[in-house]
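A.B. asks: Given next are the chains, with one letter for each unit.
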Amino acid sequence: MTDPGPPTTVNGEGVALLPGSDRIQTKRVETTRLAELSHELAVDHGARLADLFAEDGPDGEVTLRSVYALDGESRYLVLECPLDGDRFPPLSDLDPAAFVEECEIYEQYGARPENRKRLNRVLVPPHRSDRFPRLRRRDGRRLARDYEPHVVSGEAFEFPFGPVRAAGWESLYMGLVTTGEEVLDLYLFQWHKHRGIERRLRGLDPERATFFAERADGLSSVGDTLAFCRAVEMATGTEVPAPAGHTRAVALELERIYNHAAAVAAMCQTTGLSVGQARSEIVLEQLLRLNLAAFGHRYLFGVISPGGVRREPNVDEIQALLPAALDEFRYLVDALLVTNSHVDRLESTGVVTPENAHLLSLVGPVARASGQAIDARRDHPTGAGDEPAPLVRTQDGGDALARMRVMVDEVEDAERLISAHLGEAGAGAEPVPLAEGAGLGWAESPRGEALAWVSLDAGGCIDHARLRPASVRNWRAFDDAARAQNVFTDIPIIEASFWLTVAGFAR
Amino acid sequence: MAFWFYRGLRRGIATTRYPKTVDPWARRLPSAPAFHSARLTAGLVDRLARECPTGAVHREDHDLVLDVGRCTGCGRCLELGHGAVRPSGEFLLAVTDRAALVKRIPIRGED
Numbered sequence: 001m002t003d004p005g006p007p008t009t010v011n012g013e014g015v016a017l018l019p020g021s022d023r024i025q026t027k028r029v030e031t032t033r034l035a036e037l038s039h040e041l042a043v044d045h046g047a048r049l050a051d052l053f054a055e056d057g058p059d060g061e062v063t064l065r066s067v068y069a070l071d072g073e074s075r076y077l078v079l080e081c082p083l084d085g086d087r088f089p090p091l092s093d094l095d096p097a098a099f100v101e102e103c104e105i106y107e108q109y110g111a112r113p114e115n116r117k118r119l120n121r122v123l124v125p126p127h128r129s130d131r132f133p134r135l136r137r138r139d140g141r142r143l144a145r146d147y148e149p150h151v152v153s154g155e156a157f158e159f160p161f162g163p164v165r166a167a168g169w170e171s172l173y174m175g176l177v178t179t180g181e182e183v184l185d186l187y188l189f190q191w192h193k194h195r196g197i198e199r200r201l202r203g204l205d206p207e208r209a210t211f212f213a214e215r216a217d218g219l220s221s222v223g224d225t226l227a228f229c230r231a232v233e234m235a236t237g238t239e240v241p242a243p244a245g246h247t248r249a250v251a252l253e254l255e256r257i258y259n260h261a262a263a264v265a266a267m268c269q270t271t272g273l274s275v276g277q278a279r280s281e282i283v284l285e286q287l288l289r290l291n292l293a294a295f296g297h298r299y300l301f302g303v304i305s306p307g308g309v310r311r312e313p314n315v316d317e318i319q320a321l322l323p324a325a326l327d328e329f330r331y332l333v334d335a336l337l338v339t340n341s342h343v344d345r346l347e348s349t350g351v352v353t354p355e356n357a358h359l360l361s362l363v364g365p366v367a368r369a370s371g372q373a374i375d376a377r378r379d380h381p382t383g384a385g386d387e388p389a390p391l392v393r394t395q396d397g398g399d400a401l402a403r404m405r406v407m408v409d410e411v412e413d414a415e416r417l418i419s420a421h422l423g424e425a426g427a428g429a430e431p432v433p434l435a436e437g438a439g440l441g442w443a444e445s446p447r448g449e450a451l452a453w454v455s456l457d458a459g460g461c462i463d464h465a466r467l468r469p470a471s472v473r474n475w476r477a478f479d480d481a482a483r484a485q486n487v488f489t490d491i492p493i494i495e496a497s498f499w500l501t502v503a504g505f506a507r
Numbered sequence: 508m509a510f511w512f513y514r515g516l517r518r519g520i521a522t523t524r525y526p527k528t529v530d531p532w533a534r535r536l537p538s539a540p541a542f543h544s545a546r547l548t549a550g551l552v553d554r555l556a557r558e559c560p561t562g563a564v565h566r567e568d569h570d571l572v573l574d575v576g577r578c579t580g581c582g583r584c585l586e587l588g589h590g591a592v593r594p595s596g597e598f599l600l601a602v603t604d605r606a607a608l609v610k611r612i613p614i615r616g617e618d
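If you're matching them up, the sequences are chains A and B in order.
Sequential numbering from 1 applies to the first sequence in the numbering used here.
Sequential numbering from 508 applies to the second sequence in the numbering used here.
Because the hints were derived from the structure by calculation, they are not lab data.
Quantities reported herein were computed from a predicted structural model and do not represent experimental measurements.
There's no promise every hint is true.
Here's a subset of chain B near chain A, in silico, CB distances under 8 Å, partners left out [unchecked claim]:
no. : residue
1   : TRP511
2   : TRP532
3   : LEU536
4   : PRO560
5   : GLY582
Between beta-carbon pairs, the in silico distance windows are [claimed, not checked]:
no. : chain 1 : residue 1 : chain 2 : residue 2 : range
6   : B       : LEU587    : A       : THR353    : 29 to 39 Å
7   : A       : GLU436    : B       : THR603    : 22 to 32 Å
8   : B       : HIS565    : A       : PRO96     : 44 to 54 Å
Backbone N, C-alpha and C define an ideal beta-carbon position, used for all residues, glycine too.
Isolated chain A (complex conformation) (with noise of 0.2 Å):
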């Protein structure tokens, strides 16, 4: 477990995390001093800007809040702010990590930026009606069509590719800017993937709540649906079971292990190398069919719940299929990375670098293959599943070659890690008490850190769900790693290697 460090204090006012006190600490504070603290939680003590949303309460008032990582002290900090008007302080242009979710924040509920920069159009599709639901209540102000535009001038022209695209990818516009070969600019729409989840939470109770929470992203099911559920007992003081802690570890690892293969499969498709290609989704095969043995489910659905777990791990299932498929997993990884048809086409591919992984505020593999060591489960450990500590693995490189070395090394220590948790994993929840309550989760997901915000209404009911997978974070850098002189077939390499999905982003 980290070390928890020196206290942290912002501005003298009160914004102090004590050793000892909780995880999570939530602070208002007045729209005229967000961007300063904001500015100071970065540059004084290393904040990671985590998330940021709003949320409207019975009268219309819409209330930002902000999520900040003090990931060396174990601690996340939530500033509240109740807006006055539909402006609100563009953090965005003291961190661009915000960009997204002020943009988000504009389509939901018409409040944005107070500046002139033009936003991008995030999840409300341009041909929308002006009864397309958003996330605001009370709000009958038509959204004025304020995005940039896509910008294509002299010899460049915009080649479009997708939303359908071939081999069963996610529906995803990419709009390739190119004089021929070289991708100069990108343009990404996802919302042609947009669902509401968010919006459908609202009034169900957290058990119900939790079967849409978890399919939002049905390949992070098991991180997301985690955070959703700890933000819910976080709201309601609900332990749980330690039993139910390994459990949920167990579930996470096994999710992450069948994810990072898959992109494995994935990086080969895109190089061109079928044959590998063929071997790795013979391997994911056995780690969906071990899924199904261990839980009841490929994909994990249905594994966590409010409180603790519906189902315990089979454990001779995961001790007699596991060694296996990781056996098959790593005679595969070994011809790969002296295949040089593969290896050359991952090198210097997609590049990252390390200061846009943190000015960007990135998660997991991706963050990790460009140097920056952080990892939810190490850095914000929340009891029985988190011990022991994962190993942070990272490399420097930031190509799609690095992420994929860090992918094959957190498959072997996420089979440590199952080892550990299994003996002690098993069934149980603690009830959930129907009560009024605000609540923050996260987990690291096998795509990065997952977090979910939660308001309960008196009759215990979701007032307002905030999900934030680690797809919406890391999008973000999509677009900077396509235009490092990469050329179109590229693309999908570098796609496969970040490894995210529109779903959890558009969910």
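Based on these hints, arrange chain B on the given structure of chain A.
C.D. replies: Chain B alone, transformed into the frame defined by chain A:
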């Protein structure tokens, strides 16, 4: 590529002709529920309808109506079913008519 060919051969043949047999793993997959008509009661069906997260189950007078096209095999009805519900084991659900996925099961039990 010869390198991959020989390495592959060392691991044996992994593929079969399709569909040689139904894969035995398929029996473990979550599947839509099957109901014991004699054990179904109106009260139980109403509870199942309330708990089904996708609205795949509802009651119409003395029938339980199951829309297999809505069912995700989540298993909540199995937990509530008290012997009246079991997994159907059916997962090959392709039909040419959407209505063929909607099934009616008479409720023969008494509350």
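A.B. asks: Would you mind marking each hint as holding or not holding in the structure?
C.D. replies: Outcome of the hint check:
1. TRP511: 4 Å, holds
2. TRP532: 5 Å, holds
3. LEU536: 7 Å, holds
4. PRO560: 4 Å, holds
5. GLY582: 6 Å, holds
6. B:LEU587 / A:THR353: 29 to 39 Å: 54 Å Cβ-Cβ, so the 29 to 39 Å window is violated.
7. A:GLU436 / B:THR603: 22 to 32 Å: 50 Å, violated
8. B:HIS565 / A:PRO96: 44 to 54 Å: 50 Å, holds
Hints 6, 7 from the earlier list are contradicted by this structure; the remaining hints agree with it.
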